[in-house]
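Protein chains: 2
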Amino acid sequence: MENVKVVIWGFGAMGSGMAKMLLKKKGVEIVGVCDRNEARIGKSMYEVLGMDRENRPEVIINPNIDEVLTEGSCDVCLCATDSFTKAAFPRLKQALEKKVNVISTAEEMAYPKAQNPELAAELDRIAKENGVSILGTGINPGLMMDLLVVCLTGCMVDVEHIEAKRVNSLSPFGPAVMEEQGVGITVEEFDKGVSEGTLAGHVGFHESVGMIADAIGWKVDKFEQQMKPIVTTIDRKSPYGFAAAGNVAGVNMTGQGWVDGEVKIDMIHPQQIEPEMEGTETGDYIVIQGTPPINMANRPEVEGGLGTIAMCVNMIPHVINANPGLKTMLDLPVPRAIMGDMRELIQR
Amino acid sequence: MENVKVVIWGFGAMGSGMAKMLLKKKGVEIVGVCDRNEARIGKSMYEVLGMDRENRPEVIINPNIDEVLTEGSCDVCLCATDSFTKAAFPRLKQALEKKVNVISTAEEMAYPKAQNPELAAELDRIAKENGVSILGTGINPGLMMDLLVVCLTGCMVDVEHIEAKRVNSLSPFGPAVMEEQGVGITVEEFDKGVSEGTLAGHVGFHESVGMIADAIGWKVDKFEQQMKPIVTTIDRKSPYGFAAAGNVAGVNMTGQGWVDGEVKIDMIHPQQIEPEMEGTETGDYIVIQGTPPINMANRPEVEGGLGTIAMCVNMIPHVINANPGLKTMLDLPVPRAIMGDMRELIQR
Chain S
0 MENVKVVIWG FGAMGSGMAK MLLKKKGVEI VGVCDRNEAR IGKSMYEVLG
50 MDRENRPEVI INPNIDEVLT EGSCDVCLCA TDSFTKAAFP RLKQALEKKV
100 NVISTAEEMA YPKAQNPELA AELDRIAKEN GVSILGTGIN PGLMMDLLVV
150 CLTGCMVDVE HIEAKRVNSL SPFGPAVMEE QGVGITVEEF DKGVSEGTLA
200 GHVGFHESVG MIADAIGWKV DKFEQQMKPI VTTIDRKSPY GFAAAGNVAG
250 VNMTGQGWVD GEVKIDMIHP QQIEPEMEGT ETGDYIVIQG TPPINMANRP
300 EVEGGLGTIA MCVNMIPHVI NANPGLKTML DLPVPRAIMG DMRELIQR
Chain H
0 MENVKVVIWG FGAMGSGMAK MLLKKKGVEI VGVCDRNEAR IGKSMYEVLG
50 MDRENRPEVI INPNIDEVLT EGSCDVCLCA TDSFTKAAFP RLKQALEKKV
100 NVISTAEEMA YPKAQNPELA AELDRIAKEN GVSILGTGIN PGLMMDLLVV
150 CLTGCMVDVE HIEAKRVNSL SPFGPAVMEE QGVGITVEEF DKGVSEGTLA
200 GHVGFHESVG MIADAIGWKV DKFEQQMKPI VTTIDRKSPY GFAAAGNVAG
250 VNMTGQGWVD GEVKIDMIHP QQIEPEMEGT ETGDYIVIQG TPPINMANRP
300 EVEGGLGTIA MCVNMIPHVI NANPGLKTML DLPVPRAIMG DMRELIQR
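First to last, the protein sequences are chains S and H.
The first sequence: position 241 = 240 (numbering that gives the first Met the number 0), numbered continuously.
The second sequence: position 248 = 247 (numbering that gives the first Met the number 0), numbered continuously.
No wet-lab data here; the hints were simulated from the structure.
Treat the hints with care, since some could be wrong.
Since the list can't tell identical chains apart, any single copy or any two copies may satisfy a pair.
Only pairs whose alpha carbons sit at most 30 Å apart, straight line, appear in this in silico DSBU-like list of lysine-lysine [to be verified]:
| # | residue 1 | residue 2 |
| --- | --- | --- |
| 1 | K221 | K97 |
| 2 | K98 | K164 |
| 3 | K25 | K221 |
| 4 | K4 | K218 |
| 5 | K42 | K127 |
| 6 | K98 | K191 |
| 7 | K25 | K227 |
| 8 | K85 | K236 |
| 9 | K236 | K92 |
| 10 | K221 | K98 |
| 11 | K218 | K23 |
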């Protein structure tokens with residue numbers, strides 16, 4: 000049986016991380032990489048990864064997706080280029096029209112109907128027309144603050160209130176994340192960034208709340224979210240970030256889903272560098288009031304970068320096996336690590 | 000749209016618990032109950048449950064399954080009669096041959112191919128022949144020590160070792176469970192019960208280990224399990240159990256799945272009355288070594304009875320929607336609570 004063939008579109012931290020993971024797995028190969036970063040164009044993927052090519056065919060990083068992604072060139076395209084459905088849409092459409100399955104890292108693509116129902120319907124139509132499927136996933140949205148919540152409600156007779164909290168460290172991340180999350184800036188600069196929409200914060204609460212509510216049959220009649228600075232009282236330093244005492248060490252995102260006039264879903268997601276320096280213990284927490292109640296903690300938190308890389312790669316067989324159309328994590332079997340030969344998981 | 004129609008076969012703690020849960024849900028109705036317990040035969044299901052019938056049609060408990068379960072009588076049969084696949088098989092076969100979908104509480108049915116591959120293949124064949132599907136599920140096996148483990152590996156690049164531990168209290172359970180688990184007997188009686196096979200202990204490690212290993216692509220070359228008494232140092236009393244100091248308060252089950260010559264899956268499941276009296280904190284724990292690692296705790300544990308009831312009822316839409324055949328929790332979308340109208344979840 001032939002290897003599962005993968006094209007990676009976008010070779011930043013996520014795309015290159017997926018490549019490293021794939022190169023350690025059996026029954027799968029990377030047949031093409033598309034990336035527009037000048038520093039990478041024309042180079043060997045193996046050189047960029049700092050990995051030995053061994054006896055594998057060469058893969059040269061190409062900025063032209065039309066040359067990388069052609070009909071029949073691969074089974075799945077991992078698209079790690081965007082955070083927002085609207086921005087990702089033209090690329091996802093192009094990949095689907097080459098009749099390849101697609102997995103997107105775009106946070107909003109984890110549940111695109113939450114904010115872009117028309118684009119979601121259009122992606123579903125295009126995927127079906129071309130006989131392939133498309134999924135958005137990652138660690139969050141994708142697992143820790145939504146799918147895992149849904150899975151745990153599976154053992155509940157009745158659900159009254161859901162709180163999902165993810166307390167994580169930004170210390171492993173690079174300069175781009177430091178800037179997006181406002182690490183090191185003053186509170187005034189932070190407030191200006193929030194009002195002008197230049198600070199990203201966490202993207203995905205709307206999607207996670209929509210996914211949970213639709214899964215268990217709650218109708219969300221209002222969604223709100225807030226973005227507040229985490230102000231440090233001491234100097235904090237991480238490999239790529241520094242926040243002086245009195246300045247911003249990260250972002251505290253909170254969100255609420257209202258059902259029947261009350262908050263039934265609470266999302267809490269503080270992200271900062273060096274949380275331990277002020278006594279914050281990182282972790283993923285799910286507290287569900289109902290019958291029977293759930294009180295889950297995973298400490299420390301699943302590292303965001305690795306988690307997203309793993310989720311996207313591990314969902315490859317499920318996406319290839321799925322019926323054509325736009326899929327969410329709610330539609331497919333539970334995610335799982337791939338420790339065997341990926342070919343054995345494909346229903347040909 | 001018509002209500003989802005359910006027949007319940009076996010009206011003990013599990014069957015009657017499912018009935019109570021179903022009666023609080025929208026878009027679903029119980030159309031028949033089969034049970035052979037003399038005390039319940041001929042009585043109204045509502046009377047036995049101690050619930051008001053309101054304007055619902057009467058349901059009389061009938062010992063004759065041929066009268067309760069006929070072709071077209073229901074969408075799904077919840078079969079809560081057995082723990083073992085071999086014992087359940089004739090009943091499951093009979094239900095499938097009436098062309099109704101089946102959900103079984105039998106622990107071994109959570110992954111029947113682990114111990115009864117021929118019966119599993121036979122059930123798959125019969126289900127397909129009759130255009131329906133069959134699933135075994137529950138809280139454990141079914142979720143806490145297997146499916147949840149699998150789900151958490153979904154965010155992992157690499158898995159090295161899995162430990163699933165469920166520390167639970169037997170105090171909510173009745174006299175039958177006290178007897179099966181050896182609560183109150185002496186250590187000598189316990190050892191005799193183990194050697195003669197009269198103590199049930201926990202049924203399901205073989206199934207959970209098989210489910211986890213198959214899901215992530217490990218080949219289990221050896222499975223072992225042990226059953227040891229939990230000896231109390233003080234008198235312990237629960238509503239239906241009593242263990243004097245020096246006697247047995249419960250059972251500690253341990254199991255191991257060997258992969259490539261080493262133990263890669265460890266299962267630990269101590270069950271006892273009044274664990275708190277000797278400082279044991281109940282909970283569900285999953286520790287997975289690998290990249291990134293998982294260190295999950297759910298405290299206290301999900302109550303076994305309620306959890307099994309909820310899992311079976313909540314999987315009804317997934318089982319009705321599934322392609323024909325024998326299914327496991329690995330094949331279907333993640334379980335989820337049903338807080339809305341069940342009819343909206345059925346893909347007609």
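Going down the list of hints, with the structure as the test:
| no. | hint | in the structure |
| --- | --- | --- |
| 1 | K221 to K97 | neither (38 Å within a copy, 45 Å between copies) |
| 2 | K98 to K164 | neither (38 Å within a copy, 44 Å between copies) |
| 3 | K25 to K221 | between (46 Å within a copy, 23 Å between copies) |
| 4 | K4 to K218 | between (40 Å within a copy, 24 Å between copies) |
| 5 | K42 to K127 | neither (35 Å within a copy, 52 Å between copies) |
| 6 | K98 to K191 | neither (44 Å within a copy, 64 Å between copies) |
| 7 | K25 to K227 | neither (44 Å within a copy, 40 Å between copies) |
| 8 | K85 to K236 | neither (35 Å within a copy, 62 Å between copies) |
| 9 | K236 to K92 | neither (42 Å within a copy, 65 Å between copies) |
| 10 | K221 to K98 | neither (37 Å within a copy, 43 Å between copies) |
| 11 | K218 to K23 | between (43 Å within a copy, 18 Å between copies) |
Of the hints listed earlier, those the structure fails to meet are numbers 1, 2, 5, 6, 7, 8, 9 and 10, in rising order.
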